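Student: Position one of the sequence shown corresponds to residue 986 (our numbering), numbered consecutively onward.
No wet-lab data here; the hints were simulated from the structure. Fair warning: this is a prediction, and the values are worked out from it, not measured in the lab. Don't be surprised by glycine CBs; every beta carbon is placed ideally from N, CA and C. Among these hints, one or two may not hold up.
30 Å max Cα-Cα, derived DSSO-like pairs, lysine-lysine [unchecked claim]:
id, residue 1, residue 2
1, Lys1278, Lys1352
2, Lys1077, Lys1236
3, Lys1060, Lys1020
4, Lys1383, Lys1346
5, Lys1346, Lys1278
6, Lys1278, Lys1358
7, Lys1143, Lys1163
8, Lys1029, Lys1077
9, Lys1257, Lys1349
10, Lys1183, Lys1163
11, Lys1173, Lys1064
12, Lys1173, Lys1051
13, Lys1060, Lys1375
14, Lys1387, Lys1143
15, Lys1352, Lys1236
16, Lys1206, Lys1104
17, Lys1029, Lys1104
18, Lys1183, Lys1387
19, Lys1236, Lys1183
20, Lys1173, Lys1383
21, Lys1278, Lys1236
22, Lys1383, Lys1236
23, Lys1143, Lys1206
24, Lys1383, Lys1051
25, Lys1375, Lys1358
26, Lys1029, Lys1051
27, Lys1236, Lys1349
28, Lys1375, Lys1387
Pair ranges (Cβ atoms, derived) [stated by the list, open to error]:
id, residue 1, residue 2, range
29, Ile1012, Lys1236, 48 to 58 Å
30, Ala1174, Leu993, 23 to 33 Å
31, Ser1382, Gln1207, 25 to 35 Å
32, Asp1059, Ile1256, 31 to 41 Å
33, Ser1376, Gln1081, 27 to 37 Å
34, Ser1213, Pro1062, 40 to 50 Å
35, Tyr1061, Leu1196, 17 to 27 Å
36, Glu1258, Gln1100, 46 to 56 Å
37, Lys1254, Leu1001, 37 to 47 Å
38, Leu1001, Arg1101, 15 to 25 Å
39, Lys1254, Gly1343, 45 to 55 Å
40, Lys1077, His1288, 18 to 28 Å
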Amino acid sequence: MKNISAILLLTMYQVLSELIYLITYPIIVPILRSKGYIAAIRPKAPDSQGGILVHCASVGEINALKALVRQILDKYPEKQIHITTTTLTGLKIASQIDSRIRADLAVLDVYHLRQRQLKMINPSLILIMETEIWPNMLAWAAGKQVPVVFLNARMTDKTHIRYMRFSRLVRYLGRAIKEINCQTEDDKARFEYVFGIKAEYSGNLKYALNLTDYDRMTVRKQWGYLDSDLVICFGSSRPGEERLILQVFQKLNRQYRGLKLIIAIRHPKRIKEVSELLSSMEYSLHSSGEEVKPIHIIDVLGHLNEAYAVCDLAIVGGSFYDFGGHNPLEPSYYSRAIIMGQYHNSCRDSVRQLSIRGGIKISKASKLETDVKYLLDDPQMRSQMGLAAKSVLEENSKSLDKHLDSIGRWIG
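All chains should be built: construct the whole structure from the sequences, respecting the hints.
Tutor: Right, here's the structure in full:
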């Protein structure tokens, strides 16, 4: 009886979504075409020949997935990996992970569109990141007996309540789900309650970073810094933030001998704009290869983590004005004390975890000078904060291995 009601709900969902699609088709086609999303209804994808389909919704999910995907490619080189995502930005980032990966926009969850795309890709395993539960995808997997594994799974209280309203349907769709790897113990409990399937606490992939391990003193010497220099790195700076940190630096430079500043511009194409702010100051550009000056500007991509490894204090940009903030986990990897602004919506979970451990100081533009001075004056506090930040990553260090083991059990 439970299955009959679930099947009826699924059929209603499929019929309604098809009807809505047919009715709105003349309207949505030009809209999707104009915004570059036409592939969401007209999929084109090569046969992965029994490869692995990974579905991610957001850019954050794709970034969290990078290290795991590379590990899968190395361990199972015979398997093709196909990533589907719901945004153009996500598509761009997914395409850049590795040349061996195929990435496409996910289709709308309309029955015939989902069937078409999945038939094209022809996966033998489906991996779903975080909370993406699409009825037609799971129904197809169950019908074709393709195992589904959830990665980095999380479920908020709000999502939990919503799924429980359709508990019979959700449990019916869960037939294809073989394993659920959860971020926290709370997530584990919620998924088990909703799906009636045993879940695992595997940790958060977002914290399982696989960065280059630099020898700090060697790199400092290569860059031209003395052991006694106090180096501040302002990473991923956005408009307005260069002026802010330069004002702070000019004031503090009179008080600290050997004070140095690295600014890593988030978008190097802004170098002309930033150079105009520096016209009366002594500075060097990383792209020139010249000897570092008291102010050193990283105007090329790919050197931010190296700068975090070199510095004594990391300030994470995009957060002092309303840009959403950038990743504070990278300086955490190098055990650096971190200052970040009050705008960090795009990485609030990371900031919350670091704050709980005492690995980050939340500041604002008007207080940045005071907060930087406080940490420059207290090397012991900088060290304690750096170790606390690193501990957040170490707590989740086995997350990558746990996820890889889980996937390995279902790779045919």
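Student: Could you run down the list of hints and mark each one as holding or not?
Tutor: Results of checking the hints against the structure:
Among the hinted pairs, lysine 1278 with lysine 1352 is consistent with the structure: their alpha-carbon atoms are about 26 Å apart, no more than 30 Å. Distance check on the hinted pair: lysine 1077 and lysine 1236 sit about 41 Å apart at the alpha-carbon level, beyond 30 Å; violated. With a CA separation close to 37 Å, the supplied pair lysine 1060 and lysine 1020 exceeds the 30 Å bound. For the proposed pair lysine 1383 and lysine 1346, the alpha carbon gap of about 27 Å is at most 30 Å, so the pair holds.
Proximity of lysine 1346 to lysine 1278 is assessed by CA-CA distance (about 27 Å); at most 30 Å being required, the pair is judged to hold. Taken as a hint, the lysine 1278 and lysine 1358 pair is honoured in the structure, with Cα atoms around 21 Å apart against an allowance of 30 Å. For the given pair, lysine 1143 sits about 24 Å from lysine 1163 by alpha-carbon distance, which is consistent with the 30 Å threshold. Of the supplied pair hints, the one linking lysine 1029 and lysine 1077 holds, its CA atoms being roughly 16 Å apart against a limit of 30 Å.
At most 30 Å may separate the alpha-carbon atoms for a hinted pair to count; lysine 1257 and lysine 1349 meet this at roughly 26 Å. The straight-line distance between the Cα atoms of lysine 1183 and lysine 1163 is roughly 9 Å, inside the 30 Å bound, and the hint therefore holds. About 29 Å separates the Cα atoms of lysine 1173 and lysine 1064, which keeps this hinted pair within 30 Å; it holds. The hinted pair formed by lysine 1173 and lysine 1051 meets the criterion: a straight-line CA distance of about 23 Å does not exceed 30 Å.
A C-alpha spacing of about 27 Å is found between lysine 1060 and lysine 1375, which places the hinted pair at or below 30 Å, so the restraint holds. For the proposed pair lysine 1387 and lysine 1143, the alpha carbon gap of about 27 Å is at most 30 Å, so the pair holds. For the proposed pair lysine 1352 and lysine 1236, the alpha carbon gap of about 13 Å is at most 30 Å, so the pair holds. Taking the CA atoms of lysine 1206 and lysine 1104, the gap is about 55 Å. The hint is violated against a cut of 30 Å.
Taking the CA atoms of lysine 1029 and lysine 1104, the gap is about 11 Å. The hint holds against a cut of 30 Å. For the proposed pair lysine 1183 and lysine 1387, the alpha carbon gap of about 15 Å is at most 30 Å, so the pair holds. Note on lysine 1236 and lysine 1183: the hinted pairing is violated, with a Cα-Cα distance of about 58 Å set against a maximum of 30 Å. With a C-alpha separation of about 17 Å, the suggested pairing of lysine 1173 with lysine 1383 holds against the 30 Å cut-off.
For the proposed pair lysine 1278 and lysine 1236, the alpha carbon gap of about 17 Å is at most 30 Å, so the pair holds. A hinted pair counts as satisfied when its Cα atoms are at most 30 Å apart, and lysine 1383 with lysine 1236 does not qualify at roughly 44 Å. This hinted pair does not check out: lysine 1143 and lysine 1206 have alpha carbons roughly 51 Å apart, beyond 30 Å. For the hint pairing lysine 1383 with lysine 1051, the CA-to-CA distance comes to about 15 Å; that is within 30 Å, so the pair holds.
Note on lysine 1375 and lysine 1358: the hinted pairing holds, with a Cα-Cα distance of about 22 Å set against a maximum of 30 Å. Taking the CA atoms of lysine 1029 and lysine 1051, the gap is near 23 Å; set against the 30 Å cutoff, the hint holds. Proposed proximity of lysine 1236 and lysine 1349 is supported: the alpha carbons are some 17 Å apart, at most 30 Å. At roughly 20 Å between alpha-carbon atoms, lysine 1375 and lysine 1387 fall within 30 Å of each other, so this suggested pair holds.
The supplied range of 48 to 58 Å is met by isoleucine 1012 and lysine 1236, whose beta-carbon atoms lie about 57 Å from each other. Taking the beta carbon of each, alanine 1174 and leucine 993 are about 29 Å apart, inside 23 to 33 Å as hinted. The hint said 25 to 35 Å for the Cβ distance between serine 1382 and glutamine 1207, and at roughly 28 Å that hint holds. Range check, aspartate 1059 to isoleucine 1256: Cβ separation about 36 Å, and the 31 to 41 Å hint holds.
Against the hinted window of 27 to 37 Å, the Cβ-Cβ separation of serine 1376 and glutamine 1081 comes to about 30 Å, which satisfies the hint. Between serine 1213 and proline 1062 the CB atoms are about 48 Å apart, so this pair conforms to the stated range of 40 to 50 Å. Between tyrosine 1061 and leucine 1196 the beta carbon distance is about 23 Å. The supplied range of 17 to 27 Å therefore holds. One distance hint, 46 to 56 Å for the beta-carbon pair glutamate 1258 and glutamine 1100, holds here, with the actual separation near 50 Å.
Separated by about 46 Å at the C-beta atoms, lysine 1254 and leucine 1001 satisfy the suggested range of 37 to 47 Å. Under the hint 15 to 25 Å, the C-beta atoms of leucine 1001 and arginine 1101, about 19 Å apart, fit the expected range. Our hint of 45 to 55 Å for lysine 1254 and glycine 1343 is violated, since their Cβ atoms are close to 37 Å apart. Checked against the hint of 18 to 28 Å, the C-beta distance between lysine 1077 and histidine 1288 comes to roughly 21 Å, which is consistent with it.
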